[in-house]
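Visitor: Protein chains in written order, with my numbering: chain W, 7 to 98; chain U, 383 to 794.
Since the hints were derived computationally from the structure, they do not count as laboratory data.
Hints may be right or wrong, so weigh each one.
As the list claims (entries may be wrong) - Covered stretches of chain U, going by a simulated chain W footprint (3 or more residues, C-beta under 8 Å): (1) 627 to 639; (2) 668 to 682.
What the hints assert, rightly or not - With the Cβ distance kept under 7 Å, some of the chain W side facing chain U (calculated, not the full set): (3) V42; (4) A45; (5) N53.
Unchecked claim - Calculated pairs, SDA-like style, for lysine to any residue (alpha carbon to alpha carbon, straight line, at most 25 Å): (6) K59/W x T621/U; (7) K59/W x P722/U; (8) K787/U x G27/W; (9) K607/U x G594/U; (10) K59/W x D624/U; (11) K587/U x M50/W.
As the structure is a computational prediction, the values presented were derived from the model and not from experiment.
By construction, the Cβ of each residue, glycine as well, lies at the ideal position given by its N, Cα and C atoms.
What follows is the residue order along each chain.
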Amino acid sequence: MLLIDCPNCGRRSVQEYNYGGEYNPRPENAMERTDVEWAEYIYMRDNKWGLQKEWWYHQSGCGLWFLAERHTQSNEVLKTYFWQKNDVPQGK
Amino acid sequence: MSWKLIKQALNGSKPLPRMWHERPIKNSYDVVIIGGGAHGLACAYYLIKDHGITDVAVLEQSYIGAGGSGRNTTIIRSNYLTPEGVQFYDESLKLYEQMSIDLDYNVMFSQRGHLTLAHTDGSIRTMRRRAEVNQIQGVDTRLIFPDEIKKLAPYLDVSDRPRFPILAALYHPPGGVIRHDAVVWAYAHHADAGGAHIHQGVRVKDIRVTNGVVNGVETTHGYIKAGAILNATAGWCTTIADMAGVRLPITTFPLQASVTEALKPFLNVVVVSGSLHVYVSQTDRGELIMGASVDPFAQYNMRGSLAYLEGIGGHMLELFPMLSKVSMRRQWAGLCDMTPDYSPIMGVTPVEGFYVDVGWGTYGFKASPIAGKTLAEAIATRSTPELIRPFRYSRFNEHALVGEKGAAAVGH
Ligand SMILES: Cc1cc2nc3c(=O)[nH]c(=O)nc-3n(C[C@H](O)[C@H](O)[C@H](O)COP(=O)(O)OP(=O)(O)OC[C@H]3O[C@@H](n4cnc5c(N)ncnc54)[C@H](O)[C@@H]3O)c2cc1C
Ligand SMILES: [Zn+2]
Chain W
7 MLLIDCPNCG RRSVQEYNYG GEYNPRPENA MERTDVEWAE YIYMRDNKWG
57 LQKEWWYHQS GCGLWFLAER HTQSNEVLKT YFWQKNDVPQ GK
Chain U
383 MSWKLIKQAL NGSKPLPRMW HERPIKNSYD VVIIGGGAHG LACAYYLIKD
433 HGITDVAVLE QSYIGAGGSG RNTTIIRSNY LTPEGVQFYD ESLKLYEQMS
483 IDLDYNVMFS QRGHLTLAHT DGSIRTMRRR AEVNQIQGVD TRLIFPDEIK
533 KLAPYLDVSD RPRFPILAAL YHPPGGVIRH DAVVWAYAHH ADAGGAHIHQ
583 GVRVKDIRVT NGVVNGVETT HGYIKAGAIL NATAGWCTTI ADMAGVRLPI
633 TTFPLQASVT EALKPFLNVV VVSGSLHVYV SQTDRGELIM GASVDPFAQY
683 NMRGSLAYLE GIGGHMLELF PMLSKVSMRR QWAGLCDMTP DYSPIMGVTP
733 VEGFYVDVGW GTYGFKASPI AGKTLAEAIA TRSTPELIRP FRYSRFNEHA
783 LVGEKGAAAV GH
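Looking at chain W on its own, in the form it has when it is part of the complex (with noise of 0.2 Å):
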């Protein structure tokens, strides 16, 4: 069973989160973005096979939004922290 360390609580099991999708930060200056700009946001996905940099959400537990590193095929998780104003998406 795959264990993840929430940074509150520690390492708890899977089934204890929610996935969060990819970290995929909204876009600045919303009213000046094209249609298609926001297509990339919403809809756009990199889906990566390897390491991928993502939310989790600690949901029976203390309730965190939280990020961690995992690789998509092995599932291991290299890293798990909280969120910070300057977190830049992962690059391709």
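Fit chain U with the ligands to the known structure of chain W by using the hints.
Guide: Leaving out everything else, chain U with the ligands in the frame of chain W:
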């Protein structure tokens, strides 16, 4: 079929002729299809049959049918929610009805009827709408209630005992199940006989694009030039699209399925419950084959989980309490390429000569014939056929989605 069997029986020890052949890889093809699933092979078949394009290669990293095409639960139906979806899937169902004859290959299509259960007033409302949309398009779908459900599936618990009692069902008589391997093999056989090359164990590693036009594919067996390239790799489709520099609105999730030991025949319809996340049918061997919704997080890993077994076990017993002593025999998973609107993405892309047939999620097997046929037309004419225009790649930039979630999320 039967004639062939009798002849073979009298033939002594001579092996059956091979259904397709291993051929040397050429360094150039008019059309290179990536992915040897039912979709890729159907497209090769229709390129030859409808358009006389025979210089075609299907490249498959593993064996043909190794992807979703050999792992699905084989449910075929056309009772979708949008008019575009109903029209499209119904064309596919009609091709499946003719397939054993057209391809002289027994694909064992059993149109035993398909029941989608409603456990809430909300689902009854959606089903009424689906029944109306279907009937306008000439598709046989109607809402039925527990007295009639009981007749179609006598062992289904339609009492008020369960936590979510069955209130009604969407009944779709033409729906049913098929032999998925036979579909793959039939297309492979005819594509091969018509001149296409099927290369198993050949993986595409890169795609060369010059000035916005495809040039060819780099593979584990060298470079192959291509006039057109089709991405028919389902769960892996983002990895291929990345090579061509085309962005996709897709996330890959595993979907699990399992079978029980064989039981005497007792279930002669396909039963689906969206609220309980379960669907089930009985195979000709007597096993119950069942599946749930996709795994809770995105991944390219196909390992089965205990959570799935626990979940589906509980939900199956809600529907069929008498199965409590039956054991589960096998469990597996396949990769599903989920789109935001639960509709596929088909046809041209911003890269000239690079076509997609992706976004088949948990429901694409039923579309194999029509997807193959329309994609072959798209490649041959370098344009998008009317039937698949709603599913064009550009719909995302146009914010013109085809929302099928209500009919495809757990429906298959
Ligand atoms: C458990 C399960 C149950 C399902 N149940 C149903 C159902 O009841 N009804 C229904 O209609 N649909 C169902 N589906 C969905 C259906 O199986 C798929 O949508 C469909 O089979 C997709 O077919 P395909 O030919 O496009 O892709 P696939 O059959 O997945 O073939 C893609 C192929 O591409 C190959 N490939 C990938 N990368 C490369 C590369 N780099 N180079 C070369 N080859 C590559 C893969 O090896 C694979 O063989 C189910 C799926 C699963 C997993
Ligand atoms: Zn926590």
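Visitor: All hints are to be evaluated individually against the structure, with a verdict given for each.
Guide: Checked hints:
Remark: the stretch 627 to 639 of chain U is confirmed as covered by chain W, as 6 of its residues place a Cβ nearer than 8 Å to a Cβ of that chain, reaching the required three. Under a criterion of three residues with beta carbons nearer than 8 Å to beta carbons of chain W, the stated coverage of the stretch 668 to 682 of chain U is upheld, 5 such residues being counted. The closest approach between the C-beta of V42/W and any C-beta of chain U is roughly 5 Å, which is under the 7 Å cut-off, so the hint is satisfied. For the restraint placing A45/W at the interface with chain U, the shortest Cβ-Cβ distance is roughly 5 Å, inside the 7 Å limit, so the hint holds.
Taking 7 Å as the C-beta cut-off, the interface hint given for N53/W holds, the closest approach to chain U being about 4 Å. With a CA separation close to 17 Å, the supplied pair K59/W and T621/U stays within the 25 Å bound. The straight-line distance between the Cα atoms of K59/W and P722/U is roughly 20 Å, inside the 25 Å bound, and the hint therefore holds. For the suggested pair K787/U and G27/W, the alpha carbons sit about 18 Å apart, so the restraint of at most 25 Å is met.
Restraint check for K607/U and G594/U: satisfied, since their Cα atoms lie roughly 15 Å apart, inside the 25 Å limit. Between K59/W and D624/U, the direct Cα distance comes to roughly 18 Å. Compliance with the 25 Å bound is thereby established for this hinted pair. Between K587/U and M50/W the CA atoms are separated by roughly 22 Å; this keeps the pair inside 25 Å, and the hint holds.
The earlier numbered hints are all upheld by this structure, with none contradicted.
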